[in-house]
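Taken in order, these protein sequences are the chains called A and B. According to our numbering, the residues represented by the first sequence are 1 to 372, in order. According to our numbering, the residues represented by the second sequence are 1001 to 1372, in order.
Keep in mind that the hints were calculated from the coordinates and are not lab data. From a predicted model like this one, the values you see are computed outputs, not experimental measurements. Beta carbons: idealized from backbone N, C-alpha and C, even for Gly. There are no misleading hints in this set.
Chain B side only, calculated, beta carbon under 7 Å to chain A, not exhaustive: (1) Pro1014; (2) His1144; (3) His1277; (4) Thr1282; (5) Tyr1316; (6) Pro1330.
Number of protein chains: 2
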Amino acid sequence: MRPTLDKKPELDTPCLVLDLDILEHSIRKMQATATKAGKSLRPHAKTHKCSALARMQLEAGATGVCAAKLSEAEALVKAGIEDVLITGPVVTPRKLERLVGLVSRSASLKVVLDHAGNAASLDQKLGESGLSMGVYLDVDVGLHRSGAKPSAAVALADKIATCPNLRLVGVQAYAGQVQHIRSYAERRERSLHCLEDAVAVFREVRSRVPACTTLSTSGTGTFDIDLEIAEVSELQVGSYVLMDTEYLDIGSALHSSHFLAFEPALRMLTTVISANHENHVTVDAGLKSIYRDGGMPRVAGPALSPLEYDWFGDEYGMISAKDGSPLPAPGAVLELLVSHCDPTVNLFDAYHLTRGDAVVGSWPIDLRGCSQ
Amino acid sequence: MRPTLDKKPELDTPCLVLDLDILEHSIRKMQATATKAGKSLRPHAKTHKCSALARMQLEAGATGVCAAKLSEAEALVKAGIEDVLITGPVVTPRKLERLVGLVSRSASLKVVLDHAGNAASLDQKLGESGLSMGVYLDVDVGLHRSGAKPSAAVALADKIATCPNLRLVGVQAYAGQVQHIRSYAERRERSLHCLEDAVAVFREVRSRVPACTTLSTSGTGTFDIDLEIAEVSELQVGSYVLMDTEYLDIGSALHSSHFLAFEPALRMLTTVISANHENHVTVDAGLKSIYRDGGMPRVAGPALSPLEYDWFGDEYGMISAKDGSPLPAPGAVLELLVSHCDPTVNLFDAYHLTRGDAVVGSWPIDLRGCSQ
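Just chain A, same shape as in the assembly (with noise of 0.2 Å):
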């Protein structure tokens, strides 16, 4: 952390700051509440992208970290975190060669499997490293997206277990499709209904294999719903250490007090630089500097803002005012809580930390384009 005498509103934007006060509450907050439910805690590196910020989640207490891509490990691992769980399949050989020399630098390093066929070419090209690694058996519950179907899923852990260079260690059930349903009632109800089938192949397994003693699942969305459920054991949460407005519109409509705990840590800056018009000014982030998914970035600041944003293309967003408040003046700089925080992240080289209104260093953002 390299001290500046920057103020927040003196940076350069578009930019993205990280409030350290806010963020180092909601690191604890959610390892206390892993930890008291006896459940350990694997945070997913995908929304932040951010090795330093990993190493805080660890410090804290997280058994190891996820990411989504061969080539997020690769920089997690560079940058000295082994313990990490690649939480998609890695199938082409290219790539089954880069992860084979991955494990050679991290004996932690784990991948999830789905396919036998896939199983048996990452055993041979360990085989012929002469190594070894943890694999998680990946079990689709309802997303369709990646994992086995539970019916297929107790014998492939059969197939994986006659792998003589594959561990079997743990089963990955991530229920992506019920993270944002905005009822928490029936968001409780679905997950749990679909984790079910995670249960049963998970103590199937287990009663198989038993150093497969881990059933890893969750998201921000469910955390507090998933740990009821005995059997899960780890916890993949991503998106509360930064919090975007998705989240956010959620945890309103839920009024979970886990849920509201978690504060977006994570801002935009954008500066206004046009200012020719009586109801609207025009600021520098659009589209390249806020990803447009699903909701709308917000004016952060008093706690109802009169200040609303629109996208106004590529390179720039729209702020009119509701009610006939003022509108900002040109170079006046406002903060923005983004509308979705893992791929806005990845449109910066880095975020500037702040305590307050000081800026007191930054931090790479090393997994930024890291989408193989």
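Dock chain B against the given chain A, drawing on the hints supplied.
Just chain B now, with coordinates in the frame of chain A:
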């Protein structure tokens, strides 16, 4: 350009590939169209974010290039490309300092102005460094994003003309609101109509400031329309060089021979990473690799591919097949046309360059992330 032995389907995915044969043809075609009409070409680097590609456009005859943001201009000047027009206002004291710093490295750098206070601030900063620079008066022709209102534009030109360190050399008028209108007849009528205001301002300003000889306008959607206007001297086209499904769909609706001449030079490669379902497979390009904005990515290849892409989260896409056609197997590589080229390019660090199936080199996307 670094020669390699890779074949296109062997590249790690997701990745961007540029078909050099199509790219070179598109660059020649647009330049010939402008030259034949007696217009200068100033392609927008915000589309491709690549100084090597900008250099190819300059070598084909372009006068200079456009940049949307100061940081893009900084990257272009660093790469040795000096005649850059920054097409949005630069307003804060720190950004103005960066701008003046850049003028000291590029005498032909230009910026737009739409506000008297901004003109005065820039003039003062330049004077403090003993520098001067060329500026374009930005006129709003209906997009209402930046630009002085036509009714206020001549007074602003007079104000700029009194600034000793500013040389008013052009008028900019960008009609972004008409570029994607599907009907050619309606697009033509609306583009010509809204540019009437710009022509009137330009004539008046030119009569008062004889050095102001450039009227700069247009985009890929209207270049073949706007070159009918005698006063228009410079075309700011961007997307033609890469193309995307948004512009291809307009092309199809239009049946304009000019427009259809631009084939998509940009492609995205993606790999099937999970295949446990009868009616779809999962690929490794999601909304962190293809910007989700407007149109839908399309599977390239045979003219009417039976395969269809759909969004499947931050890291994944879903491929389904029409008419019972077979689905691709795990590990298969597909080629996609992206939905919106500009922000998608901004997600990657390099283009792979191809001729047919051969990978012949790569170019860094050196303006990637330059949103400031």
